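Next come the chains, spelled out residue by residue.
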Amino acid sequence: MTASPSESGRARRSPEREPPEDLHLWKLPRGRHGLPREVVAQSQRERLLAAVVRVSAAQGYQATSVADVLGAAGVGRESFYKHFKDKEDCFIAANDALLGALEERVTEAYETPGSWPDRVRNGLAVTLEWFAADPDIARVMMIEMGTVGPIASDRFRVTFRRFIALLDDGREFIESAPDLPNLASIAGGAVFARVYEEVALGSVAELPNLLPQLTFELLLPYIGEDAAREEQRKATKEMNKF
Amino acid sequence: MVAMRHESGSIREEPGVLAPSVPWDIGAQSQRQRILGAMAKSCADKSFPRATIADIVERAHISRATFYKHFENKRECFDAAVEAFLAELAATAVEAHSGADSPAEALRGAIAAVLDLLAARPAYAKLALIETPVIDPAPIGGYRDAVVEALEADWKSEKGSKRSGADARIAFGRAQVLVADHLAAGRAKELPVLLPELVYIALLPFAGHDDALKHATQGR
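Going down the list, the sequences are from chains A and B.
Counting in my numbering, the first sequence runs from 1 upward without gaps.
Counting in my numbering, the second sequence runs from 243 upward without gaps.
Bear in mind the hints are in silico, worked out from the structure with no lab data behind them.
Predicted model only: the values in this text are computed from it and were never measured.
Warning: the hint list may mix true and false statements.
[To be verified] Taking beta-carbon pairs under 10 Å as the criterion, some of the chain B residues facing chain A (in silico):
| no. | residue |
| --- | --- |
| 1 | Phe290 |
| 2 | Glu325 |
| 3 | Ala326 |
| 4 | Leu328 |
| 5 | Val376 |
| 6 | Gly383 |
| 7 | Ile412 |
| 8 | Leu446 |
No residue lacks a Cβ here, since even glycine has one placed at the ideal position from N, Cα and C.
Just chain B, with the same shape it has in the complex:
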C-alpha cells in the first residue's frame, strides 16, 4: 500500500530519489513535491528555525530561483508541506475506514493505516506532529476537529455505545503526545506497534474505558 502510494507520485519522503523511469512530463507538480520533501527532511534534521532555503534547494536538487517560483519564503513552503501531508493522512484514514462492519472496526483500520503512513514518512510525521504545533497550532487543531467531528458522526447512530465523560479532543491530544514522543526518540518504525494503545485512546470517548480496552486488546 505504501509502495503503491510512492508509485502514484504522492508525497515523497526521499527527495530526488526518483524511479528509473521518470515520466517525460515530470513537471512543476513533482518538482513542488520534491521541494516539500526536502523541506520535511531539512526540518527533521535541524528543526524549522534552523532549516535554510540553501539546504532545501540542495536536497531537492533545484536552483534557488526554482524554489522561489513555487514559494515566496520558507514559511510558505513549510505550510504547504504540512497541508499536503495532513491531506494525505486524512485521505489514507478515510480510505481505510470505508467498508468496515462497525465504527470500532473502521476506527481500527484507519488508525492502522495512519500509523503505517507515519512510519513510512518519519520526516513528514515529525514536521506535522512536532514542528507544526510550535510554529502554528492551527493546522493540527483543524485536523483534530475534523477527525473528532467525523468520529462523532460515526458513533451517533451506534446503538449501545456508552458515551464516556472522556473528551474526544483530549483523546486526540493523548494520541499526538504518544506518537510524537516515539518520533522524537527516533522510533518511527515502531509506530505500528502502538495500534492497541491508539485504539484504546480513540475509543475511550465513544465506547468508554471497558469497551475501549476490550477492543484494544482483542486478537492478542
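Extracted from the complex, chain A is given alone in its bound form:
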C-alpha cells in the first residue's frame, strides 16, 4: 500500500546522487595539514563533530566513548575537552550544526516564490534529499538523538515544532483549511513518521522517490482530496524531470 519505489526508480536515482555540498564537510578529512592555529582549532572541532556522527551512526551513541571519537577524528583528548564538555555536549553540537544546515536549506526552498503548495513541495523535496544523501547523518538525527537523554529529547521536540510552524503558513493561504488546532502537526507528522521509518530500516536512498506520495499526504489536511491529488501529479512530473 505504501508506495514502494519501483526497481527501475531505484536503479535510476541512486548511483548519480551526490551528497549536497554542505554535507562534504562531514566527511572525515584525512592526512596532515600545515595550517595556522585557529584554522587547526576550527578544523579540529569539525573533525570531532564529523567523528561523533560517524561513530555514533555505526555503533550507537550509547556504545560510543570519547576515546572512539578521538580515534576517528585523529584528535587528542586535551583538544577534545577544549571544545566540548563531554560526549553528550559534542553529540548535541553536531546535531545542532546539522539541523542548522538542514533548516537553512528547507527554509530557502520554502521561501522561493510560488504558490503555497509548490513551496511546501520544494521544502519537502529538499528534506527528502537531505536524509537520503547520507544514511549516517539521517540515523544520528532521527534515531540516535532519541537515545541521548532529556536535553537531546527536548532539543528534538523543539526542532520538530519549528519545522511544523513553517507549515502553518498554510492557514494564511488556504482559506478552507480546517480549524483543527494541531493541523500542522497532523500534516507534518505524515512526513516525519514516514522518514523515521525509512531511516530506522536503513533504506534512506528511497526517500526522494516518496516525493509524490508525501506531497499528497502533507498537503491533504490543508487543501483536501482533489487539490492534494493534483499536487501529487505535479510532484510526479517534477521528479521525472531529473
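Using the hints provided, position chain B relative to the given structure of chain A.
Same frame as chain A, but now just chain B:
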C-alpha cells in the same frame, strides 16, 4: 473505567501503591507487574539507556534476586513492559469498539478509550510511543499493522465509503507523532482533548478528507 482496571489488577502505573486490602495470595504475577511499572517509570524519568536495574528494584520494592527471577536482563524487562501495555491498549480499544452502530462511531469510541488509557498511564505511554521506536521499531510496527488490518476489515463492507489516497499506515504515524509530542511535552493529561483530531486522522484513509472532518468536528 480506568479505576476499575486498576482494581482488577492490571498494569499499575504506580509501583508499590497497592490497595489497603492486598489479597493474601498476591504473588508472582503482581510482583511481575510491579517490576514492569517500575521499568516504565524509570524509563520515563531517565530514558531506557539510563534506567538501571538498581533503580528498578528500588522503585518496585523488591530485591535484585527477585528481579532476576522474572527477567534475565533490563532489555527483557523492557520488552515485557511494552508487550503488556500494547496488549492492554489493544484490549481497551476492542472493548470500546464493540457494539457501535457504524465503523465511524466504533472508531471514535476506541480512540476515546485509548486516549483515556494513555492519559492515565503516562509512563507506559512514553515507554511505548517514545522509547520503543528507538530501541526496537518492531513492536509498534506490529501493533500498527494489526490496527490497520482491523480497520480495513471494518470498512471493507461499509457502503458509500470513499477510499482516499491517504495511506492508513501513514495515518497511524501521524497519530503517533501527535500523541508522542504531547507526551514528551509533559501534557499527558490533555491527551483526551485530541479526540477530534485523532478521529480525523484515523478516518482520513477510509472516509476521505471531507467526511473525516465532518465526523471529527461533530458535536462541537
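Hint by hint, here is what the structure shows:
1. Hint status for Phe290/B relative to chain A: holds, with the closest Cβ pair at about 8 Å, below 10 Å.
2. Proximity of Glu325/B to chain A is violated relative to the hint, the smallest CB-CB distance being about 19 Å (cut-off 10 Å).
3. For Ala326/B, the interface hint is violated, the least distance from its beta-carbon to any beta-carbon of chain A being 22 Å, above 10 Å.
4. About 18 Å separates the beta-carbon of Leu328/B from the nearest beta-carbon of chain A, more than 10 Å, and the hint is not met.
5. Nearest Cβ of chain A to the Cβ of Val376/B: about 4 Å, under the 10 Å cut. The hint holds.
6. This hint holds: Gly383/B has a C-beta 8 Å from the nearest C-beta of chain A, less than the 10 Å allowed.
7. A distance limit of 10 Å between C-beta atoms decides the matter here; for Ile412/B the minimum to chain A is near 5 Å, and the interface restraint holds.
8. Taken as an interface hint, Leu446/B checks out: its beta carbon lies about 7 Å from the nearest beta carbon of chain A, inside 10 Å.
Checked against the numbered hints given earlier, this structure breaks hints 2, 3, 4; the rest are met.
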